[in-house]
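**Student:** Protein chains in written order, with our numbering: chain D, 1 to 390; chain Y, 1 to 390.
A couple of the hints might just be wrong.
Since copy identity is lost for identical chains, a pair holds within one copy or between any two.
Heads up, simulated SDA-like pairs for lysine to any residue below, C-alpha to C-alpha not over 20 Å straight-line [claimed, not checked]:
id : residue 1 : residue 2
1  : Lys248    : Asp27
2  : Lys64     : Arg267
3  : Lys64     : His223
4  : Lys64     : Val15
5  : Lys7      : Asp27
6  : Lys248    : Phe78
7  : Lys385    : Asp177
8  : Lys245    : Asp27
9  : Lys248    : Asp70
10 : Lys64     : Val340
11 : Lys245    : Asp295
12 : Lys83     : Thr134
13 : Lys245    : Gly88
14 : Lys245    : Asp71
No lab work stands behind these hints, which were simulated from the structure alone.
Number of protein chains: 2
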Amino acid sequence: MRPDLSKLDDFLDEVGADGYLVYADADESDQRYLSGFAAPDPYVTLYDGDLHLLVSSLEYGRAKREAPTDDVARIADFDYGAKREEYGPHGARDRVLAEFLAERGVSSVAAPARFPLATADGLRDLGVEVAAETDGVVTEIRATKTDEEIEHVRGAQRANEVALARAEELVRESEIDDGVLVHDGEALTSERVRREMEIELLRRGYALDEAIVACGAAAADPHDRGSGPLRPDEPVIVDVFPRDKASKYYADMTRTFVRGEPSGTVREWYDLTERAMEAALDAVEPGATGRDVHDAVCDVYEAAGEPTLRSDPTTETGFIHSTGHGVGLDVHELPRIADVDEELEPGHVITIEPGLYDPDVGGVRIEDLVCVTEDGYENLTSYPKELVVE
Amino acid sequence: MRPDLSKLDDFLDEVGADGYLVYADADESDQRYLSGFAAPDPYVTLYDGDLHLLVSSLEYGRAKREAPTDDVARIADFDYGAKREEYGPHGARDRVLAEFLAERGVSSVAAPARFPLATADGLRDLGVEVAAETDGVVTEIRATKTDEEIEHVRGAQRANEVALARAEELVRESEIDDGVLVHDGEALTSERVRREMEIELLRRGYALDEAIVACGAAAADPHDRGSGPLRPDEPVIVDVFPRDKASKYYADMTRTFVRGEPSGTVREWYDLTERAMEAALDAVEPGATGRDVHDAVCDVYEAAGEPTLRSDPTTETGFIHSTGHGVGLDVHELPRIADVDEELEPGHVITIEPGLYDPDVGGVRIEDLVCVTEDGYENLTSYPKELVVE
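So that you can see chain D by itself, here it is in the shape it has in the complex (with noise of 0.2 Å):
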């Protein structure tokens, strides 16, 4: 099922641009999202009410099989060796995709923020008008999923749940020695735990880059991945965004688990960021902003005497981060669930993970994602929400 590009057609006719210009890899995921092909090597997509593709001779008939277009050309029908002898490589690349354009009828594009530079003075040099856009008129787009990505992001959040559920059995088999987690024998470590989750998921054809599992002073700082020993008595946080590595969706969840006995505090932090989290929840339809829906955190937080960032721009403990956010090819990505004006809209997925943080004290996390439908929304995580693990 091909995406929606009616907002990229409105842009066109507003901007007064023949098409819309990408030069890049598929791992810029709006190249991806617009071409519907993928490539490791930088190729061109065209749009212009219609899709036209411009790749190398080694992608030819990949393309051909897989792109949703009729229109795939081949830089070697340009007559690319001649130009290569005559303007060294980037010299000819630029003329071959002046001819592609010219071939079909475009004289002026838009191109995103990040278009190539070079290649954009050497069109301009040959006469194409090329205007960047700072507005991501297709990270936009991407904001709403169709039924099939959302399947994809599904698919990948059952798999993430698997990896959870091996990161709680080793924190909860793990024994207490000298005031680290040991499981087998050996220390239980932020590295080792994720570890463990990688290769869960990538039995299941998930890819996992990078996870948070952090305990202690580090996991009062939302961007510190953890390592080292985990503890007991003290909250670990475990934040996953695995990637199916066929569709390239992502996922992303976040639980918060303790061996062991939890301070009052930390019970206390736990039982509001689930109320914060329910709020937020109860928030989620069409026509609600982010603001909305982050108000709803804040609100519960401050009620309960908790700083934010709303209460205090400046405060580094409390509810130190925005609410959520979108997730799809990117795992951050459009839209924002902050402090803005955006509204929601049925089909776009975005997470929930109101925390508290306090580098005395470690921090509480709970995140789940969810779908926003045209009654409300659809929660895609289904893992429980327990703190203490034995």
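Starting from the known structure of chain D, arrange chain Y on it as the hints suggest.
**Tutor:** Okay, now just chain Y, sitting in the frame of chain D:
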């Protein structure tokens, strides 16, 4: 140990630019290399004989600790909030960057070919001269490795040998059942061998994004990764290129295995390919060109009556690729070991990978990774070369 950037100094003198400007994340190897730092989101590196970084507040503390320079600035130091109010996020970032350059006396910059267009146009509007360079000057410098870089590659090749040994073990221990290889009661597929190698590598801190495990006609297409059950009596090409998760350096190695009885043609191809490998290695020394090494391979194959791209540029069987490539932060980088005049230098790390292909026979390839030294080369690969495993 910082790399020798004198070629970049010369380049800036030659083009008359005050500095070299990169704005990219650390996935772009030139950025990682030049900055000596790594962040997942785009950050700015300026080189003008000295190194200067401009990063987000989130990365500032780590950049101060880790980057090999005393000049680390953060976007927030340039009144970003007020600029954002007035000019939006893109306009504000452009103005911050222009001020950062002006403070350092830089009014003209050379930039990589893939420098982001919106930023270049924004800087130009603010009076900064920006010219894309298409020589790939930093990529060229990266071809020559420091001792530390060579150690990273060497370590990755050690891990690679463990992965190869695992693949060979799976093939050796498999049963032959109804025309396919079966291991532990299940078909031994390309996918399964890849996954098992990936797990071995993961346990050692190495990532394996892709690997070729290809049998039969798939092995005859050097770009086919292979899929489905492996078969007896046919050559299986195993081409593995893991990446050190910490240093981000790659290794690369290929072996070809047969479980059962190879055909006479395959045995002959294997012997020829071993001889082509020896001939190529004999040609590796400082001052030799990529062509000298490539020719040594072509000479062996052509003398035996096998077609090569040198003897027939349109051939689709025989030796249908170049002899090798550099390996470092990218798995394919400079120098090229092909029909080119570029000369080898001490510190180049290159693959030597002769092979023969025909869809009716399959493929045979052997690939070692070597480092060019003052008086020849050091082979970084110690894995044995045996066709038949049983």
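**Student:** Each hint should be assessed against the structure and marked as holding or not.
**Tutor:** Going through the hints against the structure:
Both within a single protomer and between protomers do lysine 248 and aspartate 27 lie at most 20 Å apart by alpha-carbon distance, with minima of 10 Å and 17 Å respectively. Neither within a single protomer nor between protomers do lysine 64 and arginine 267 lie at most 20 Å apart by alpha-carbon distance, with minima of 57 Å and 36 Å respectively. Taking the closest pair of Cα atoms, lysine 64 and histidine 223 come within 20 Å of each other only across two copies (16 Å); inside a single copy the shortest separation is 42 Å, beyond that limit. Proximity of lysine 64 and valine 15 under a CA criterion of 20 Å is satisfied in neither setting, with 31 Å inside one chain copy and 42 Å between copies.
For a Cα distance limit of 20 Å, the shortest separation of lysine 7 from aspartate 27 qualifies neither inside one copy, at 23 Å, nor across copies, at 30 Å. For the homomeric pair lysine 248 and phenylalanine 78, neither the shortest alpha-carbon distance inside one copy (32 Å) nor that between copies (37 Å) is at most 20 Å. In the homo-oligomer, the alpha carbons of lysine 385 and aspartate 177 never lie at most 20 Å apart, since the shortest distance is 26 Å inside one protomer and 48 Å across protomers. With identical chains, the CA atoms of lysine 245 and aspartate 27 are at most 20 Å apart both within one copy (12 Å) and between copies (18 Å).
Taking the shortest Cα distances, lysine 248 and aspartate 70 never come within 20 Å of each other, neither inside one copy (24 Å) nor across copies (39 Å). For the homomeric pair lysine 64 and valine 340, neither the shortest alpha-carbon distance inside one copy (42 Å) nor that between copies (31 Å) is at most 20 Å. When the C-alpha separation of lysine 245 and aspartate 295 is checked against a cutoff of 20 Å, the pair qualifies neither within a copy, at 35 Å, nor between copies, at 39 Å. Taking the shortest Cα distances, lysine 83 and threonine 134 sit within 20 Å of each other only across copies (16 Å), while inside one copy they are farther apart (33 Å).
Within a single copy, lysine 245 and glycine 88 get their C-alpha atoms no closer than 36 Å, and across copies no closer than 36 Å, so neither meets the 20 Å cut-off. In this homomeric assembly, lysine 245 and aspartate 71 never come within 20 Å of each other (Cα to Cα): the closest approach is 27 Å inside a single copy and 39 Å across copies.
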